Amino acid sequence: MGLVEIENVNRIYMPEGEPVKALDNVSLVIESGEFVSIMGPSGSGKSTFMHILGCLDTPTSGSYILDGTPVSSMGHDQLAEIRSYKMGFVFQGFNLIPRTSALENVELPMLYTGMGAAERKRKAMEALKAVGLEGREKHNPNELSGGQQQRVAIARAIVNDAPIIMADEPTGNLDTKTSKEIMELFVRLNVEKGKTIIVVTHEPDVAAYSRRIVRFLDGRITGDERKR
Amino acid sequence: MRSALTMLGMIIGVGSVITMMAVGTGAGQKISEQMASIGSNLLIAFPGAATAGGHSMGAGTQSTLTVEDSEAIRTECSGVKDAAPLVNKALQVVYGNQNWSTLVMGTTPNMLDIRDWGVSAGRPFGWEDVRSATKVCMLGQTVANNLFFGMNPVGQTVRIKNVPFAVIGVLKKKGQNPSGQDQDDTIYVPITTAQKRLFGSQLYNLVSIIFIKAKSFEDLEPAERDITSLLQQRHHIGPKQDNDFTVRNLTAIIQSAEMAVGILTTLLSTIASVSLLVGGIGIMNIMLVSVTERTREIGIRMSVGAKTSDIRFQFIVEALSLSLIGGAVGIAIGAGGSWLFTYFAGWPTIITAWSIFMAFGFSVLVGIFFGFYPAYKASRLNPIDALRYE
Ligand SMILES: Nc1ncnc2c1ncn2[C@@H]1O[C@H](COP(=O)(O)OP(=O)(O)O)[C@@H](O)[C@H]1O
Ligand SMILES: [Mg+2]
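Chains as they are written, first to last, in numbering that gives the first Met the number 0: chain A, 0 to 227; chain B, 0 to 389.
Worth flagging that the hints you see were computed from the coordinates, not collected in a lab.
Source: prediction; values computed, not measured.
Virtual Cβ for every residue (Gly too), placed ideally from N, Cα, C.
Just to be clear, a hint being listed does not mean it is correct.
Sample of chain A residues at the chain B side, in silico, Cβ under 7 Å [said to hold, decoys possible]:
1. Glu17
2. Pro18
3. Leu55
4. Ser72
5. Met73
6. Arg82
7. Phe88
8. Ile96
9. Glu103
10. Tyr111
Derived DSS-like pairs: lysine-lysine, alpha-carbon spacing no greater than 25 Å straight-line [claimed, not checked]:
11. B:Lys134 <-> B:Lys171
12. B:Lys160 <-> B:Lys88
13. B:Lys80 <-> B:Lys134
14. A:Lys122 <-> B:Lys306
15. A:Lys120 <-> B:Lys134
16. B:Lys171 <-> B:Lys88
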């Protein structure tokens with residue numbers, strides 16, 4: 000049994016005008032401890048797929064079983080609980096709260112798990128240290144470089160000890176050198192901590208860090224290859 | 000920044016409402032006090048005909064009212080509780096080497112009752128003093144202060160026109176009348192003494208003014224009519240002739256002043272409400288403008304596990320503290336503004352609980368509603384929709 004089991008999932012957007020079928024009968028199984036890249040051209044449905052995987056969005060139809068629990072029928076608060084304990088997210092645009100220190104940004108997920116203030120601070124410092132941001136905890140996002148901001152986001156993603164880390168174009172706004180550092184961080188999380196990592200990207204260089212590549216085109220999976 | 004602006008809107012709204020209401024209420028209170036200081040249910044009659052403008056023509060020069068007229072009003076007019084004649088003249092009063100120019104009033108003992116007045120020290124003069132024209136007097140507070148500087152004047156002797164008068168009492172403080180005159184700058188003496196010793200015999204028996212107290216507020220108008228016809232009859236004035244006297248309802252005059260103040264208060268309250276509304280709209284705008292940013296923040300919070308209730312709780316607390324602090328500072332500003340107004344304009348201001356309640360309540364409601372409502376809406380979105388909100 001896989002950690003993530005997705006079967007015949009559809010996601011249809013209903014903006015004004017034509018409905019958009021962003022996911023078309025997608026099925027995929029991801030095992031615990033995998034490092035998966037999701038590749039495909041822009042508009043092929045990669046982000047949509049990741050949002051559904053991450054319980055940030057719900058499928059129009061189809062089934063999603065996470066760790067043996069059906070997720071597709073869950074309500075808002077149950078999904079929040081799952082995001083709280085099972086998922087960590089890293090976005091292309093970092094999505095840190097402005098005018099709020101790195102430390103407080105990293106403490107955010109623990110605010111919603113009822114952890115005490117002292118413990119929160121200790122764990123947040125630990126996570127910042129793990130991503131190499133010691134000494135920057137007092138800085139606000141606008142006082143940090145893109146790479147540093149993305150590290151804060153990664154610290155936030157790992158601070159609750161979630162088993163799954165998802166990243167949507169995490170290096171999209173970063174230069175090559177910084178991208179490399181960030182990807183190495185993911186590799187370490189995968190190898191040392193056993194985290195399941197799912198990275199959405201359209202860059203082959205980035206996908207090269209993973210051990211499995213799933214290809215999307217027009218809302219469908221067109222390829223699924225494992226290395227070695 | 001956003002919070003500071005929101006609070007500013009709230010502070011201005013609350014502060015201005017409280018100040019304006021305080022000014023209006025203070026004005027009303029001042030008028031009421033002046034009304035009380037004149038005496039209640041009061042009419043006056045004075046010599047001379049009233050012109051269209053309300054001013055008396057040659058009042059006092061060709062005095063026509065007499066002590067007997069006053070007595071007739073007192074005994075014959077229904078609705079009249081009491082009436083007292085008054086003669087007055089501005090004269091120098093001397094005590095030792097101090098002197099003071101004041102208005103000397105000759106009257107009868109019942110004048111104090113009619114004017115709702117009393118003595119704060121010593122005793123008032125009595126009918127006995129009027130009958131025998133004794134040389135006694137009661138000093139108003141201003142005169143007492145300016146001649147005796149805190150010493151007790153009772154038992155001392157002052158001289159008016161070189162006539163020695165024994166001070167037997169000091170009148171209570173009365174304050175200004177509505178036209179701004181100091182009613183305490185006066186000396187009361189028996190009317191007979193004033194006529195014989197001070198004002199010259201040509202004025203004998205003629206009075207400058209008659210104070211009349213009606214039995215009740217409802218009796219004021221009938222009494223006014225009664226007095227007019229009684230005096231016409233006594234002065235042999237035919238239906239086609241002009242009156243040689245004027246009767247005026249003081250209470251009615253003060254009531255119209257009160258009404259004017261009421262209109263002022265309403266006007267101020269209206270302006271205040273408008274400023275409150277403007278403040279409210281300001282709060283609303285700032286709150287709504289920040290929705291984009293806040294919605295994205297809500298998306299971030301939800302993506303890391305915040306539940307709907309967590310979001311709502313956070314924003315209700317935020318809106319509440321913002322509103323309460325803004326409202327509290329607004330109250331302080333309002334109190335300060337009222338104080339400044341009193342200090343610089345010399346106008347009493349009274350801060351009412353109602354104005355605080357209304358201004359504070361309204362702003363807090365607006366603040367909470369617009370602080371919370373967008374967050375409430377956003378908390379119902381999918382996290383990803385909140386994150387992508389533009
Ligand atoms: N919120 C949305 N409303 C309407 N259409 C959307 C929305 N999000 C994505 N789409 C459409 O769905 C398709 C897939 O988008 P997306 O998952 O973002 O692709 P990718 O991440 O691979 O670039 C695109 O055609 C896009 O225009
Ligand atoms: Mg995308």
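Next item on the list: Compare the structure with the hints numbered earlier in the document and write down the numbers of the violated ones, lowest to highest.
Entry: Failing hints, ascending: 1, 2, 4, 5, 9, 13, 15.
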